[in-house]
Amino acid sequence: MTDFNVNSGFLYIVTAVIVVFVLAQSLFFLVKAARRARELGIAGATIRKTIASSALFTIAPAVAILLGVITLSKFMGLPFPWLRLSVLGALTYELPAATSTATAMNLSLAQQITDAKAFGAIAWVMTLGIIPGIFLVLFGLKKIQGGVMSIKNKDPKWGNIFMDSMFLGMISAFMGMLFADIRLGVPGFIPIVVAVISAAIMGICGVLIKVCKIKWLEQYALPISMLGAMAASIPVTWLMA
Amino acid sequence: MKKTYNDSVHFYGRIWTATAILMLLMVPVAICVHYHAWPEMQYVLKGLLGVAPIYWTVGIIEVLTYSPMLGTGGTYLSFVTGNLTNLKVPCALNAMEAAKVSATSEEGEVVSTIAIATSSIVTTLVIAAGVLLLGYLQPILESPVLAPAFENIMPALFGGLGVVYISKNPKIAIAPLVFMVLLFLLVPSLASSVGILVPVGALLAIAVSRILYNKGKL
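Note that the protein sequences, when read in sequence, are chains Z and G. Using my numbering, read the first sequence as starting at 1 and increasing by one per residue. Using my numbering, read the second sequence as starting at 1 and increasing by one per residue.
Same shape as in the complex, but just chain G (with noise of 0.2 Å):
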């Protein structure tokens, strides 16, 4: 049987992403190796000890949220160039919406590949010419002047991105739109840990619609 899109990307983005686990492995044994320094084991636990419990939970729940979103292509590549809330999610999304795919289409993992895929590398590109440029660049990036841009990032991506999709769907909308603001509101200190509380919001909204859908509301 003739493989499918879907099945070849399957089996590239594996053979990719199980090279990019071990490749990333490698990293600290080299360092150790390298520097005949192989640290010590209560150091690691405990460092582990203070991030692992809550980035292994987000980790995995950033998987079963995300990969619906991103399609397959999408899920392989991002998940191993890492910045997706703030970066690889809303340039799919964008790039959809602008193309007018849906995301559950053929067309729409496609073309939330090739988003992921440029953005990907215009970030290493990027960084890479900052790291190089570094001297001549970190004034200007450390001003004071700059500062409150680079500190609104996610408020100017997330009003854009908001009202295109709020606009579409504002029954479905409504209900995760009250309850997140309200949360935030009484227990400010979420917002560190907003990463846990997108499927809460996903979960919801996809409850609303359920209700809606099956009152033949939507």
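Just chain Z, same shape as in the assembly (with noise of 0.2 Å):
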């Protein structure tokens, strides 16, 4: 049996096979899409506005998925987390199947893997975990864009209504949770303040936007937002916790 190590040269090859894949996918529908726009009419300078605005809004969530990376990497090193997180994973879902395959073998988070075995049972159980999802991409996408389609077709102002709908629906659940801790007593509203100090800064840029006429905010008032209640939340937390 070859020597197992979790920090092997070996799973590094794996990881860094599978993050070129991710980048290759994601610049070639960058370049189809940005081509696709520009045959449309879409301005340049709004693409380009696009692609700033998007880089700038995923950093701190970026940072955050790498702390993500380094959580799981006390247990399973460093390639293999970096690798689920960079594909299909989530830290909410890895590290709950982590756990639940390394309990089924009497194993401790709290210590590194030694055992190939043990590890590659976790690898089965992160991948297998996860796929159904990609699984109805692939055969059932088309079907469920046509049924969009037909309800958008059939009367487009009902599809737009239709569509703002999912997305309130979607924004209501994450919003209903910000008053899950409320019952902890004071620390259980920080979410909750961190919202409306987003929400502040929000308000103050559509103000910047819409009086003061300050057009470049539009593409950044949402990054500038979600980084200015994140600093705030450190003297919010300080205060409450």
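No wet-lab data here; the hints were simulated from the structure. It cannot be assumed that every hint is accurate.
[What the hints assert, rightly or not] With beta-carbon atoms standing in for the labels, derived distance ranges:
1) G:His36 / Z:Asn160: 56 to 62 Å
2) G:Ser189 / Z:Lys74: 32 to 38 Å
3) Z:Pro235 / G:Ser167: 48 to 54 Å
4) G:Ile174 / Z:Lys142: 30 to 36 Å
[Unchecked claim] Just a sample of chain Z residues kept apart from chain G, beta carbon distances all over 12 Å, derived:
5) Ala110
6) Leu208
7) Leu217
Note that beta-carbon positions come from the ideal geometry of N, C-alpha and C, so glycine has one too.
Mind assembling these two chains? They're in different frames, but the hints should get you there.
As structure tokens, then:
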């Protein structure tokens, strides 16, 4: 049996292959969509601003995902969590999947895995546990999109309202979640205060865009609100925790 | 007949997705073959039993809920790269809102795809850079001073995003919002399965919208 190490060169090579694949796929769709955008008459400046604001918006959540890699690395080494959180994964799924399998094998999550079979079992569970969604995309997306298109084509006004309703349904679920901890007392209100700060910054951006005509802010209002509220959460937590 | 942009996205999207599935499945196979260590089936099954019922359900619900919002290209890409609710969906919504394009239009489709592709590239690069520079970054990222900022990403994100959409459509927003706040106040433990509640909120919002639309109030 080859000597096993959770940080082996082999695992880094496997991870690198997958990471390059993800980059290639993203680049392919970026170029394809940008070309189509030009054909549709969308201004080059709009495309550039979309790219810049999406990149800025992504940095903070991406750093949070990196923290997830660090969390899992204490148990599984660096390359495999890096792979899992770069493709399909999210820490909210990967950690329970690792915990569930480790518990079945009587392993502690406090120590790094030294057994290749145990590592393999966790790798299988993490992979198989998340795969059905992507199969549905592969075989069912055309049908799902066809359904959406028929709603839109039948009645365009209702099509737009239908889509706004879906967005608001999602936003409502996450806004409601902010109230889950208020029974804990003052610290339970921290997420609500942070959300209110974010909304207030967004409101200020809205005023600057509409009243002061600072048009470039349109693309950056959400990243600014998010980063501002995250920064504010530090003193807020200090005061309320 | 000439292929439309949408047909072409489906064609290439399926090829990329099928390849991604194959590569993902090959990872545990490669690990087991390389180390000559195939795990005992009972442990894999026990591990799967702990997560599969909920995650398979959530995975399917996510496709049905998010694919209309993300568009065709955005869906093929974001379901391979992951991190939908905390990153890809808000990123796409923000980009469409800022570019003033509708999610149901082809302009919305391409703007959403550009945003998701950019987000995927940046995420991949940030994680890669972070792993390579981990020795320097770990003490900073794990410092107790910064911990509240990373714990509050979701409120910081949905506060800003929420105020835009709720102020645009208060009549549609009120019912699902009140329902969700009451639900989480009554059953706080649901916070761990918020993914399942997203379609519940969406269905409620669609039902309320349809009633208001039929009455001519939207």
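Taking the hints in turn, this is what the structure says about them:
Between G:His36 and Z:Asn160 the beta carbon distance is about 57 Å. The supplied range of 56 to 62 Å therefore holds. In this structure, G:Ser189 and Z:Lys74 break the distance hint of 32 to 38 Å, their C-beta atoms being roughly 27 Å apart. Checked against the hint of 48 to 54 Å, the C-beta distance between Z:Pro235 and G:Ser167 comes to roughly 27 Å, which is inconsistent with it. A beta carbon spacing of about 35 Å between G:Ile174 and Z:Lys142 agrees with the range 30 to 36 Å that was offered as a hint.
With a cut of 12 Å on Cβ distances, Z:Ala110 stays outside the contact zone with chain G, its closest approach being about 16 Å. Non-interface status of Z:Leu208 relative to chain G is upheld: no Cβ of that chain comes within 12 Å, the nearest being about 14 Å off. At the 12 Å boundary, the C-beta of Z:Leu217 falls inside the reach of chain G, the nearest C-beta of that chain being 9 Å off.
In this structure, the hints that do not hold are numbers 2, 3 and 7, in rising order.
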